[in-house]
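**Q** Following the hints, put chain B in place on chain A, whose structure we already have.
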Amino acid sequence: MNKVVKNVEEACSGIQDDMTLMLGGFGLCGIPENSIAQLVKMGVKGLTCISNNAGVDDFGLGLLLQKKQIKKMISSYVGENEEFERQMLSGELEVDLIPQGSLAERCRAGGAGIPAFYTPAGYGTEVAEGKKVEIFNGKPHILESALTADFAIVKAWKGDTEGNLVFKATARNFNPMMAMAGKITIAEVEELVPAGELDPNFIHTPGIFVQRIFQGEKFEKRIEQRTVRPKN
Amino acid sequence: MSLDKNGIAKRIAQELRDGWYVNLGIGIPTLVANYIPEGIEVEFQSENGILGMGPFPFEGEEDADLINAGKQTVTLVDGACIFDSATSFAMIRGQHVQLTVLGAMEVAQNGDIANWKIPGRMVKGMGGAMDLVASAENIIVAMMHTNKKGESKLLKQCSLPLTGVGCVTRVVTNLAVLEIKDEKFHLIERAPGVTVEEIKAATE
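One line per chain: the protein sequences are A and B, in this order.
For reference, each letter of the first sequence is one residue, going 1 to 232 in the numbering used here.
For reference, each letter of the second sequence is one residue, going 1 to 204 in the numbering used here.
If we strip away everything but chain A, and leave its shape as in the complex, we get (with noise of 0.2 Å):
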């Protein structure tokens, strides 16, 4: 089944306001930054973004925060972007900070049919109030809910025309989840080939949870700690 739309503008067409969406990407690696650059060109607001980080200032979901379109984040760490503390803080955006794993394990939920599931991450803490606690083999654990979006947007290192995608090291991180969550997937890929050119056995996410792929048309991949050690 052929996937491929034209460009970002047909990929991201039907995105609207007050929608959820679920973004890829572990700080700036593996984010689907077309799509976003596209989200700040249509303007669209009081989103509700999934993601695990909300980029920095200037680059990755802190552009579309700039702009004042996010209405609500739901991540895991915020923590290298000063205008998403400002508006927090200042309660203009609302935020929801969930532990790495449950974050994660929502997402595959969502896109695999499990209503809610238990696990012993944040009992105890803040992230359990209001949720319901039940002992399995001695131990506590809260119930935890399973997350779906309006549009997931992912971004992968190649992709074909069938949808199938194959990430590169660390860029993988949650855009397989979000992928499987998603009403509708988009997926940006760094190459786009044709079906049967990918081989079968080593494809991460299966074609079925991809509504949409286009080959993006730059990608910056911005690194966010440049750590390295001197040649000798």
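Which chain B residues face chain A? A few, computed with CB under 8 Å, are given here:
#1 I50
#2 G70
#3 G127
With a Cα cut of at most 20 Å, we get these calculated EDC-like pairs of lysine to aspartate or glutamate:
#4 A:K231 to B:E59
#5 A:K221 to B:E61
#6 B:K117 to A:E94
#7 A:K67 to A:E83
#8 B:K124 to A:E92
#9 A:K231 to B:D63
#10 B:K10 to B:E41
#11 A:K221 to B:D65
#12 A:K221 to B:D63
#13 A:K71 to A:D96
#14 A:K168 to B:E62
#15 B:K124 to A:E80
#16 A:K168 to B:D65
#17 A:K158 to B:D65
#18 B:K124 to A:D58
#19 A:K168 to B:D63
#20 B:K200 to B:E151
#21 A:K68 to A:D96
#22 A:K139 to B:E137
#23 A:K168 to A:E191
#24 A:K218 to B:D63
#25 B:K124 to A:E224
Over 12 Å on every C-beta distance to chain A, these chain B residues come out as not near it, computed from the model:
#26 Y35
#27 T146
#28 K149
#29 K200
No lab work stands behind these hints: they were computed from the structure.
Idealized CB from N, CA, C, for every residue including glycine.
**A** Here is chain B on its own, set in the frame of chain A:
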């Protein structure tokens, strides 16, 4: 003489055992990788999806697609593998990782830990810390004994929002190695030249 950050990391490295998978947090814990005792093989897990994390890349060889949980560019050792975030936390929650080393703002004598939030001031989020402390069987906290104001970080009760309850078993600071058992801190070892009185004075 109390230990510096590298000294704390070096001391923690002595707790490593051959064949362990180890998750190192941001800050002092990251330095532990520099002091693996000879003859011991351990593999480092980074919760953004690496098993077999190597040192920083050589200048010019950094790859934006290959970072650790602190968002720093890293490399892979031979035999490394990559996986998604759900699989990563399955390793952690499922107790397949033998040791977790992480930093803290406060640790209480009942094993509670706080390291993710200062209400009204610092809102960075917990990242993977809550998943790690809730599931790891073996948690070592690496931190300075007191904060910048000289106040103890080892308390009767945590004052900051908790990351996990009753989960810390061992704390290595610039002054001492302490074990938490029966809701009490037990002094296991003093840093070279540090007296018991100094440690007591720095502990609530």
